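Whenever a hint applies, use it, and build me the whole structure from the sequences.
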Amino acid sequence: DIQMTQSPSSVSASVGDTVTITCRASEPITNWLAWYQQKPGKAPKLLIYPASTLRSGVPLRFSGSGSGRDFTLTISGLQPEDSATYHCQQAQTFPYTFGQGTKLEI
Amino acid sequence: QLQLQESGPGLVKPSETLSLTCTASGGSITSSSYYWGWIRQAPGNGLEWIGGIRYDGSIFNNPSFKSRISLSMDTSKNQFSLRLTSVTAADRGLYYCARHLLVGDIFDLWGQGIVVTVSS
Numbered sequence: 011d012i013q014m015t016q017s018p019s020s021v022s023a024s025v026g027d028t029v030t031i032t033c034r035a036s037e038p039i040t041n042w043l044a045w046y047q048q049k050p051g052k053a054p055k056l057l058i059y060p061a062s063t064l065r066s067g068v069p070l071r072f073s074g075s076g077s078g079r080d081f082t083l084t085i086s087g088l089q090p091e092d093s094a095t096y097h098c099q100q101a102q103t104f105p106y107t108f109g110q111g112t113k114l115e116i
Numbered sequence: 048q049l050q051l052q053e054s055g056p057g058l059v060k061p062s063e064t065l066s067l068t069c070t071a072s073g074g075s076i077t078s079s080s081y082y083w084g085w086i087r088q089a090p091g092n093g094l095e096w097i098g099g100i101r102y103d104g105s106i107f108n109n110p111s112f113k114s115r116i117s118l119s120m121d122t123s124k125n126q127f128s129l130r131l132t133s134v135t136a137a138d139r140g141l142y143y144c145a146r147h148l149l150v151g152d153i154f155d156l157w158g159q160g161i162v163v164t165v166s167s
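The listed protein sequences derive, respectively, from chains H and A.
Our numbering puts the first residue of the first sequence at 11, with every later residue one more than the last.
Our numbering puts the first residue of the second sequence at 48, with every later residue one more than the last.
The set of hints was computed from the structure by calculation and includes no laboratory data.
Note that the coordinates shown come from a computational prediction; the quantities given were computed from them, not determined experimentally.
Be aware that one or more of the hints could be misleading.
As the list claims (entries may be wrong) - Simulated restraints on C-beta separations:
hint, chain 1, residue 1, chain 2, residue 2, range
1, H, Thr-15, A, Val-150, 18 to 28 Å
2, H, Ser-17, A, Phe-112, 21 to 31 Å
3, H, Thr-63, A, Ser-167, 27 to 37 Å
4, A, Leu-49, H, Leu-70, 21 to 31 Å
5, A, Ser-72, H, Val-21, 34 to 44 Å
6, H, Gly-87, A, Lys-60, 47 to 57 Å
7, H, Thr-15, A, Tyr-102, 30 to 40 Å
8, A, Thr-132, H, Gly-26, 33 to 43 Å
9, A, Gly-104, H, Ser-93, 36 to 46 Å
10, A, Thr-164, H, Asp-11, 24 to 34 Å
To be verified - Here are some of the chain A residues that sit facing chain H, going by a computed Cβ distance under 7 Å:
hint, residue
11, Leu-94
12, Asp-121
13, Asp-155
What the hints assert, rightly or not - Cut-off 27 Å, straight-line C-alpha distance, at most; resulting in silico cross-link-like pairs (BS3-like, lysine-lysine):
hint, chain 1, residue 1, chain 2, residue 2
14, H, Lys-55, H, Lys-113
15, A, Lys-124, H, Lys-55
16, H, Lys-113, H, Lys-52
17, H, Lys-113, H, Lys-49
18, A, Lys-60, A, Lys-113
19, A, Lys-124, H, Lys-52
Backbone N, C-alpha and C fix where the C-beta goes; we use that ideal spot for every residue, glycine too.
Pasting the structure below:
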């Protein structure tokens with residue numbers, strides 16, 4: 011199975027800051043990477059797929075980049091509602107695997 | 048707008064079978080564009096994909112679960128179900144049903160999740 015490693019595991023930032031979360035795959039996955047946002051007590055929400063394409067309705071302060079093994083999720087101009095856990099998922103190879111999540115506190 | 052809702056017992060005894068059902072409302076689960084799947088999250092762990100089923104009965108499961116998984120679908124009730132046999136404490140956690148978009152192999156709609164505890 012492809013292992014997905016996220017860093018950091020948690021991060022604290024202030025409103026207006028820019029935060030970058032990284033996700034590394036144990037083998038190349040071209041750009042078949044998704045990012046999800048999970049707010050406390052809520053289901054995950056798909057934000058970005060593949061790698062750098064925002065889903066409809068996702069604020070433009072979110073951006074994704076990367077290919078191969080290394081990917082980043084950047085949130086610019088943090089807002090209070092961005093407080094959540096962010097998960098990456100590889101969609102290159104079955105079985106689909108997720109990172110362990112990054113908790114963002116605002 | 049389609050919504051998914053998990054249901055089932057929140058408490059299962061060790062070695063017994065966990066049975067969960069996901070009911071879709073506001074849309075149909077008979078689209079050929081999707082699988083309907085299950086994902087879980089153990090306490091302190093990341094998300095883990097369990098498996099998925101399509102309206103035509105085609106199924107694919109995470110091999111890590113070996114033969115413990117059984118997936119089924121009742122299109123007349125707009126429901127799909129998961130059975131996980133021989134549960135242990137390692138199977139406790141939050142179980143989500145989700146819509147698996149075949150173009151991309153991503154999960155674009157999730158239920159709210161159901162907490163499963165394994166205890167005698």
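Hints violated by the structure (numbers, ascending): Violated hints: 3, 8 and 12; rest satisfied.
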